[in-house]
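Listed below, chain by chain, are the residues.
Protein chains: 2
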Amino acid sequence: MTDIAKPYLLFLADTENPTLAKTALGLRDWAREDCVGQLRLTQSTLDIGLPDLSPSEAAARGARSLLIGVAPVGGQLPEAWHASLLAALEAGLDIVSGLHVRLETIPALAEAAARLGRRLHDVRHTKTALPIATGRKRTGKRALMVGTDCALGKKYTALALTKAMRARGIDATFRATGQTGIMISGSGIAIDAVVADFIAGAAEALSPDAAPDHWDVIEGQGALFHPAYAGVTLGLLHGSQPDALVLCHDPGRSVTSFFPDYPLPSIEDAIAAYLPHARRTNPAARFVGVSLNTSALDERAARRAIEDAHARTGLPAFDPLRLGIEAVVDEMLSAPQARAVAAA
Amino acid sequence: MTDIAKPYLLFLADTENPTLAKTALGLRDWAREDCVGQLRLTQSTLDIGLPDLSPSEAAARGARSLLIGVAPVGGQLPEAWHASLLAALEAGLDIVSGLHVRLETIPALAEAAARLGRRLHDVRHTKTALPIATGRKRTGKRALMVGTDCALGKKYTALALTKAMRARGIDATFRATGQTGIMISGSGIAIDAVVADFIAGAAEALSPDAAPDHWDVIEGQGALFHPAYAGVTLGLLHGSQPDALVLCHDPGRSVTSFFPDYPLPSIEDAIAAYLPHARRTNPAARFVGVSLNTSALDERAARRAIEDAHARTGLPAFDPLRLGIEAVVDEMLSAPQARAVAAA
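These protein sequences, in sequence, are chains A and B.
According to UniProt numbering, the first sequence is numbered sequentially starting from 1.
According to UniProt numbering, the second sequence is numbered sequentially starting from 1.
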């Protein structure tokens, strides 16, 4: 499991396009208290509203790591960025990267990190030795986000749910399974980067035995219906042993992203497909909500989509960034026996 | 994809226990024509009935690779084996290993292989850059073995089916997804060793576009109900896009091997569980047979188990090493529309 020292200096380099700065924007939105500032190389670089700081200024304000918050075109690390990264290492910061290229394969960085005793975190790559799953039921409670597709709000749903649970005094931990999630929480396992034999084992390691009332809220990955990533989804589902499942869906999407020949299932069919697999490792698994990404809808249409999802499934439906999350927390905390299980 | 030069000299080292020589025995039983001899280090080493040959004698008889046919206790390569492996490289042979330890991490072997221009094949590890699955339907036909558990005859079923099809003049290729299968066929992908994101992509690469009447007969892995390996199984199922599925089952087994808390599904439930996932990437997918591992049963009990499986599923049931495989080939070749699909 990756463990990262926070808070961060967010490195924006010379990136002007917000689409390439998704990581930095996610960090700002979901871990604002962990971001001491931004490092921009030019006047025209995107400004995400944090104090402009040099690596040494950031270190003086408590920063422990420089986080590469932008994606270079092509996935390689531009030469022009090296000086900033070396300055960060000299200033006492570790470096955190989600790029394809491994930081340790860049000789200048590897040498400086070794000399200065700093760490280079490549969150896309896992170096931890993982166990084969045991299937043994663990103590504590777990919620897992699952979806009808990739990239429709599983991470944000898990983060919002964790926040709402904590606000009620519930002992809840967000468990990251993807690189941005790992950067936000400072730990986790990039589940799609582990060797196939170890998917469920990695998921077991990610949410270990815990106190009876503790909740792990686990970021999901992929979808059981996804022609490329379903294996990751199923292994994560088995290893997570969720008590509670939240189905994440984008009501504006009818086909799988980038796979136009693969229609999305209805939310009812998705629930019916996930449930038997979930119950293989936790017979008490049940759905507790439907999370809708309504960002493309106006307030009235969003409300209608949420009402429709509720009517179709009998479950609390919500948009975690907009409406209805408290009802899902209520459902999670309700005794499972006291409510009908949807689509059993 | 791994591509290995055959035929082999099977290296038995000083192994006396047949259980540790499973790989060599599998090769002898399924690829006898590819085995020119055995290399034993002591008089008390297991004799699997092949000519005893030194590496240079084997090379003179046409051998192209020395294959490590035994598992050392602990997975490491004993020092005592180094001399034989170096002699093989000097004699002109490549080395093929399914051990956990990578041959190239042993300096003496890496140096000799580089100097002599030989190849070191670690079939447990994949070095090929694999694509993300596309979900695009490929030409040609495919059969995939699936199971109620691991280790109950999926590889032998695929091998026997390939052999029976070829005997009828059908253009059929065995496609290996595990290390013994790769050694037997000389090529394949160890699907449980690929990075999780690429499981379905590896399966797509394994059985590329082919002539309309060509069949790929694909070795299965794991089981959809397996608490540790289901992710591998589902990715392999999606990427294989099978037209025909064969369910492999051991009628004497009631719980998952090594996971006694996980009961096996009935064969009817297993068929019903696999089919919707198979149809996600190939809507024409159907089951064509139930392969039973009846090795623990006498002839009469085996016949009864096969009749029972047929009665329960309506499908041809068989033991690939014993009884009934021709009916499965008939079923594969029959027009899908002409027969009822079991458990649809």
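Please keep in mind that the hints were generated in silico from the structure rather than gathered at the bench.
There's no promise every hint is true.
[Unchecked claim] Derived list of chain A stretches under chain B, where covered just means 3 residues or more per stretch with a C-beta under 8 Å from a C-beta of chain B:
#, region
1, 85-95
2, 218-229
[As the list claims (entries may be wrong)] Ranges between beta-carbon positions, derived for each pair:
#, chain 1, residue 1, chain 2, residue 2, range
3, B, P131, A, A335, 42 to 52 Å
4, B, A272, A, P51, 50 to 60 Å
5, A, E326, B, P276, 44 to 54 Å
6, A, A272, B, D3, 58 to 68 Å
7, A, A296, B, A110, 49 to 59 Å
8, A, T128, B, R102, 13 to 23 Å
9, B, R102, A, K137, 48 to 58 Å
All of these numbers come straight from a predicted model, not from anything done at the bench.
Virtual Cβ for every residue (Gly too), placed ideally from N, Cα, C.
Status of the hints after comparison with the structure:
By the rule of at least three residues with a Cβ nearer than 8 Å to a Cβ of chain B, the coverage given for the region 85-95 of chain A is violated, with 0 such residues. Coverage of the region 218-229 of chain A by chain B holds [criterion: at least 3 residues with CB-CB distance below 8 Å; count 5]. Taking 42 to 52 Å as the suggested C-beta distance range, the pair B:P131 and A:A335 conforms, at roughly 47 Å. Our hint of 50 to 60 Å for B:A272 and A:P51 holds, since their Cβ atoms are close to 59 Å apart.
For the pair A:E326 and B:P276, the supplied restraint of 44 to 54 Å is violated, since their beta-carbon distance comes to about 35 Å. For A:A272 paired with B:D3, a C-beta distance near 43 Å fails the hint of 58 to 68 Å. Against the hinted window of 49 to 59 Å, the Cβ-Cβ separation of A:A296 and B:A110 comes to about 55 Å, which satisfies the hint. In this structure the hint that A:T128 and B:R102 lie 13 to 23 Å apart at CB holds, the actual value being about 19 Å.
The hinted window of 48 to 58 Å between B:R102 and A:K137 is violated, with their beta carbons roughly 36 Å apart.
Hint violations for this structure: numbers 1, 5, 6 and 9, all remaining hints satisfied.
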